[in-house]
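Asks: Kindly generate the complete structure, drawing on both the sequences and the hints.
2 protein chains.
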Amino acid sequence: MANIHEIAKLAGVSSATVSRVINNHPYVSEPTRQRVQEVIDQLDYVPNLNAVSLKKGMTKLIGIISISFNDSLGLFVRGFTTYAQEHGFNITLFITNGEKERELEALEMLRRKQLDALVCMIRVNEWSVIEHYTQYGPIVTWQRVKIEAIPSVFMDQYQGYMLALEHLYARGYRSIVNVYGSMRGLNTKERIRAYHDFCQKYDLNADAFTHFYGLNSIEAGEQIAHWWGEQPNKPDAFACSTDCLAAGLLTEARRLGVSVPSEVAVVGFDNTEISHLLDLTTIHYPIDKQAENAFIMIRNALEGLHEELHPLEFKLVERATT
Amino acid sequence: MANIHEIAKLAGVSSATVSRVINNHPYVSEPTRQRVQEVIDQLDYVPNLNAVSLKKGMTKLIGIISISFNDSLGLFVRGFTTYAQEHGFNITLFITNGEKERELEALEMLRRKQLDALVCMIRVNEWSVIEHYTQYGPIVTWQRVKIEAIPSVFMDQYQGYMLALEHLYARGYRSIVNVYGSMRGLNTKERIRAYHDFCQKYDLNADAFTHFYGLNSIEAGEQIAHWWGEQPNKPDAFACSTDCLAAGLLTEARRLGVSVPSEVAVVGFDNTEISHLLDLTTIHYPIDKQAENAFIMIRNALEGLHEELHPLEFKLVERATT
DNA sequence: TTGTACGCGTTATCAT
DNA sequence: ATGATAACGCGTACAA
Numbered sequence: 006m007a008n009i010h011e012i013a014k015l016a017g018v019s020s021a022t023v024s025r026v027i028n029n030h031p032y033v034s035e036p037t038r039q040r041v042q043e044v045i046d047q048l049d050y051v052p053n054l055n056a057v058s059l060k061k062g063m064t065k066l067i068g069i070i071s072i073s074f075n076d077s078l079g080l081f082v083r084g085f086t087t088y089a090q091e092h093g094f095n096i097t098l099f100i101t102n103g104e105k106e107r108e109l110e111a112l113e114m115l116r117r118k119q120l121d122a123l124v125c126m127i128r129v130n131e132w133s134v135i136e137h138y139t140q141y142g143p144i145v146t147w148q149r150v151k152i153e154a155i156p157s158v159f160m161d162q163y164q165g166y167m168l169a170l171e172h173l174y175a176r177g178y179r180s181i182v183n184v185y186g187s188m189r190g191l192n193t194k195e196r197i198r199a200y201h202d203f204c205q206k207y208d209l210n211a212d213a214f215t216h217f218y219g220l221n222s223i224e225a226g227e228q229i230a231h232w233w234g235e236q237p238n239k240p241d242a243f244a245c246s247t248d249c250l251a252a253g254l255l256t257e258a259r260r261l262g263v264s265v266p267s268e269v270a271v272v273g274f275d276n277t278e279i280s281h282l283l284d285l286t287t288i289h290y291p292i293d294k295q296a297e298n299a300f301i302m303i304r305n306a307l308e309g310l311h312e313e314l315h316p317l318e319f320k321l322v323e324r325a326t327t
Numbered sequence: 006m007a008n009i010h011e012i013a014k015l016a017g018v019s020s021a022t023v024s025r026v027i028n029n030h031p032y033v034s035e036p037t038r039q040r041v042q043e044v045i046d047q048l049d050y051v052p053n054l055n056a057v058s059l060k061k062g063m064t065k066l067i068g069i070i071s072i073s074f075n076d077s078l079g080l081f082v083r084g085f086t087t088y089a090q091e092h093g094f095n096i097t098l099f100i101t102n103g104e105k106e107r108e109l110e111a112l113e114m115l116r117r118k119q120l121d122a123l124v125c126m127i128r129v130n131e132w133s134v135i136e137h138y139t140q141y142g143p144i145v146t147w148q149r150v151k152i153e154a155i156p157s158v159f160m161d162q163y164q165g166y167m168l169a170l171e172h173l174y175a176r177g178y179r180s181i182v183n184v185y186g187s188m189r190g191l192n193t194k195e196r197i198r199a200y201h202d203f204c205q206k207y208d209l210n211a212d213a214f215t216h217f218y219g220l221n222s223i224e225a226g227e228q229i230a231h232w233w234g235e236q237p238n239k240p241d242a243f244a245c246s247t248d249c250l251a252a253g254l255l256t257e258a259r260r261l262g263v264s265v266p267s268e269v270a271v272v273g274f275d276n277t278e279i280s281h282l283l284d285l286t287t288i289h290y291p292i293d294k295q296a297e298n299a300f301i302m303i304r305n306a307l308e309g310l311h312e313e314l315h316p317l318e319f320k321l322v323e324r325a326t327t
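In the order they appear, the protein sequences are chains A and B. Residues 6 to 327 in this note's numbering are what the first sequence lists, from first letter to last. Residues 6 to 327 in this note's numbering are what the second sequence lists, from first letter to last.
Bear in mind the hints are in silico, worked out from the structure with no lab data behind them. Hints are not guaranteed to be accurate.
For identical chains, the list gives no copy identity; a pair is met inside one copy or between any two copies.
[To be verified] Mimicking DSS-like on lysine-lysine, the simulated pairs with C-alpha atoms at most 30 Å apart in a straight line are:
#1 Lys-294 with Lys-320
#2 Lys-65 with Lys-151
#3 Lys-320 with Lys-194
#4 Lys-105 with Lys-206
#5 Lys-60 with Lys-14
#6 Lys-14 with Lys-61
#7 Lys-14 with Lys-206
#8 Lys-151 with Lys-239
Replies: Encoded structure:
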């Protein structure tokens with residue numbers, strides 16, 4: 006209701022002075038500052054953000070687009086939000102449920118200056134559509150994509166998977182079974198590539214054992230445990246798609262009386278809570294650093310800075326299952 | 006980049022005319038409309054939303070606050086979004102993770118006119134704090150609360166539960182076991198009240214069987230099935246806290262060779278997908294109507310309308326488990 | 001049917 | 001240290 010002029014009038018100063026007080030500008034005497042502040046407090050005044058945004062040409066609002074909202078996505082969102090808020094930005098979340106229109110609304114809000122930037126975690130529309138909107142503001146993504154206009158904080162799982170394999174090798178395991186997460190996803194592709202390079206390096210037969218595809222649930226892990234029990238020629242290690250699957254595999258194996266890691270080793274992926282709980286060796290994946298990098302990229306673009314990105318590294322978390 | 010004046014100049018008209026074209030106002034001749042539209046298309050022009058918001062005094066943006074994001078919350082959000090968008094409103098989502106500051110940011114955005122209204126699905130701050138913000142714009146909630154300034158679309162589960170009980174009675178079941186969802190929640194309280202009234206009405210002994218509290222998972226349902234098997238004096242029906250629990254109970258009972266509904270009946274609650282899948286009798290709960298009512302309330306407040314709310318009714322969905 | 005001119009609430013430049 | 005005043009980009013009485 007109350008605007009800056011009203012405050013100015015009541016405090017007996019000009020609106021310019023009030024603005025200075027609000028924004029902590031220098032060159033305003035202590036007595037006037039106090040007088041103005043009193044009136045502000047009394048009238049419960051806050052500047053109208055629409056006016057500020059119009060004047061400044063930015064809203065300090067960043068949109069995050071995601072197709073859904075699960076644990077890892079939530080982790081990213083939470084991390085991003087924290088960094089953004091430290092720098093005075095607010096976040097608005099768009100859960101698309103896979104609907105293109107919902108995503109387009111976010112993109113349109115960028116075009117129409119209601120958003121300063123966009124994080125497109127998991128897209129719905131074609132990349133070409135999204136790329137078109139980069140002219141209106143920075144857009145970064147979490148997915149793997151090689152488009153110059155859309156920087157990504159995607160981490161190539163080749164390195165992470167290799168880390169797991171090398172660790173198993175160093176521990177003396179030689180017959181490793183791979184359980185891949187999705188049938189044809191990019192992560193699986195990179196993991197397969199890592200495994201082949203690994204076998205070549207140590208002169209192992211890459212096809213000595215079955216490769217499992219499309220598995221990542223606890224139940225799937227349990228089934229794999231049974232599969233292992235039935236093999237006459239038993240592999241001595243599992244490199245799993247996720248901690249979840251590894252957890253199912255581990256607990257079911259123990260239920261069947263199999264000793265881990267002496268009879269068989271298990272490596273997970275993601276370093277989630279469950280891996281911590283079960284003391285599962287796994288690969289750590291710095292989601293919060295990815296989120297921070299996403300924000301740094303946006304801030305660099307928005308404010309013409311050149312802040313360095315954090316190096317994104319997979320890390321082996323060695324625990325009790327290898 | 007381009008603003009309304011640039012369009013006006015290039016089209017050889019005044020900015021007022023351009024504005025009329027944009028907003029589909031009458032009294033603009035077809036030839037000029039076309040000329041203006043051409044220039045708009047050519048320059049890829051869209052009005053700056055900050056300017057529009059400032060001028061109109063509203064942003065057409067509604068915030069939704071939620072502590073997390075699960076299936077039912079998602080259903081509500083999706084429904085609300087749909088209705089809102091049909092009326093030209095966009096949604097911005099705040100997942101608080103239980104942090105008060107995140108909620109306060111949403112409330113502050115309302116105060117500072119960046120949001121027209123707020124749906125506080127599940128609050129974190131004290132109601133008194135939230136109530137204070139109702140002076141800046143309409144706030145409605147999904148939770149049960151009796152504060153005049155904060156209308157609610159909460160549904161009292163007394164009726165719904167009674168529906169389930171009456172149905173069991175009509176089907177001839179007389180010894181009913183209640184499995185309540187939370188220890189001391191309001192829903193449980195209302196359900197207990199319903200059960201007592203029910204027993205009184207039909208002269209049944211309300212304490213003939215154990216009452217279970219704090220259970221709502223599939224696993225809990227499975228355990229209840231085993232409990233039933235061990236009872237010498239078996240009850241003939243279960244009124245469950247959720248479809249989830251009912252599903253666990255139902256499937257485990259059948260696994261144990263118990264025939265449902267001839268030996269024992271099961272009623273769920275929520276009418277979720279799983280109840281549909283398992284052909285489970287349950288109580289339907291119109292989340293989408295609640296969402297629509299929330300939007301209607303907000304729109305009524307915002308635009309001074311008096312649109313009627315939809316009646317919110319529980320419905321018995323009679324399927325194969327009773 | 002079209003144009004002029006003012007106001008929405010700020011911030012920032014330039015005087016003073 | 002403070003005050004006028006011009007933008008920011010748009011919508012809309014009012015006039016023509």
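Asks: For this structure, which hints from the list above don't hold up?
Replies: 4, 7, 8
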